[in-house]
Amino acid sequence: MIIKINNKRLRNTVVLFLVTFFEIIACLETDINVPSFPNMIDYFGINPADIHWVVAINMVGICLASWVVGPLSDTIGRRKVLLFSGVFFLIGSIIAVNTTDFSILLLARFIQGIGCSSYFVICSAVIFDLYDKKQAVVITGYLGSLITIFLAIAPIVGNYININYGWRMNFILILFLAIIAFFLSLFFMEESLADEKKAKWKFKRLFQDYYSIFSNLQGMKNLNIIGISLSVFITYIVNLSVIFVDNLHVSQESYGYHQGIIMFIFALCSLFTGKIVVRLGFKIVKAASHLLTTLGSSLLIIVALNFATDANLITLSMILFTIGYSFIMNLAFVEYMSCYPQNSGAASSLNTTYRLILNAIILVVVSMNYNGTILPVAICIFIGSLVMLALNMLPNSKESVTI
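Numbering (our numbering), first residue to last: 1 to 403.
Just so you know, the hints here were simulated from the structure itself, not pulled from any lab data. These figures come from a predicted structure and were not determined experimentally. Any given hint could be a false lead.
[As the list claims (entries may be wrong)] Distance condition first, Cα-Cα at most 25 Å in a straight line; then the derived BS3-like pairs of lysine-lysine:
1. Lys275 x Lys286
2. Lys80 x Lys4
3. Lys80 x Lys8
I would like the entire structure built from these sequences, with the hints used as guidance.
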């Protein structure tokens, strides 16, 4: 049923458009709902700490599926796995739109996570299928910034939809996007993995792939930096609506802009990561980035202890952290993927699985210590910054990759 495109350049462009669209949907299916959390708490009559499970259980679904979809796509190809996963995403989205029970909503979110796991995992592998490392660096940076621009808009759009049409309309929008994604995959997503690169499916090979990945110390160092940086950042985003709207009494309209500016800063920095690295050098940019995350997280701790009701100071602190985080995240991801040229699918799977497991754990820990203030989140971000700094100071292993 696929529509064939003979021109290679045009075909690759279409595939890049599709994987970008898929990644945007995978990120939006959480980010666009976060502004609705205060309204969802009221609708379902649940404890504010329990709303975090809407994100955490989704991550569990992504993690469990990610262990399989990456290696499976290395065996049967990217296209088939994307189509199969798209069916799960559709089923979960349909249930989420129609449920009136919080437990059923969590089940729907789990199924959505299983479905959109391939969008996280396979899209990264597709880029490394089609382009060499240097081209992948440039494309990853531009696509990352483009995706993040949409993420910057997402809380504003989600907030507008929530205020004017209710929280359920955001889930209806995700269902609509899931339908579009499935049919785009069906008709336009060509296979990016060459037949000679496909491996026979064996459970033994699955374990061998992951063993080789875990054995690469440089890759593991970057994987931990990716996981920690993303986890503390997402923890801030997820908790922001409840803290700002319910406890600091920031209007829902203003809250959308507080979150949007953080995502916009990330998009802007991601857009210019490649050019800044070329101009200043990899080591200088990496060192400066860790300095900014440490300064931003330290300032956030000070604000949390002394000016906890000032939403503007909280946002200002996170802007500093986000500038550093954006460079760390982009550079660490490229370094990580470059360590595994023969196992890009499995490496992408492990990246998705690890960072989301870590994110789910941190979300649960922070929710257990939730006290209505920014302090638990600030402590989480500060500790994460120190751990990332320590990892960065570790000497490079023999598997180090020069970019």
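Hint-by-hint comparison with the structure:
{"no.": "1", "hint": "Lys275 x Lys286", "in the structure": "14 Å, holds"}
{"no.": "2", "hint": "Lys80 x Lys4", "in the structure": "16 Å, holds"}
{"no.": "3", "hint": "Lys80 x Lys8", "in the structure": "21 Å, holds"}
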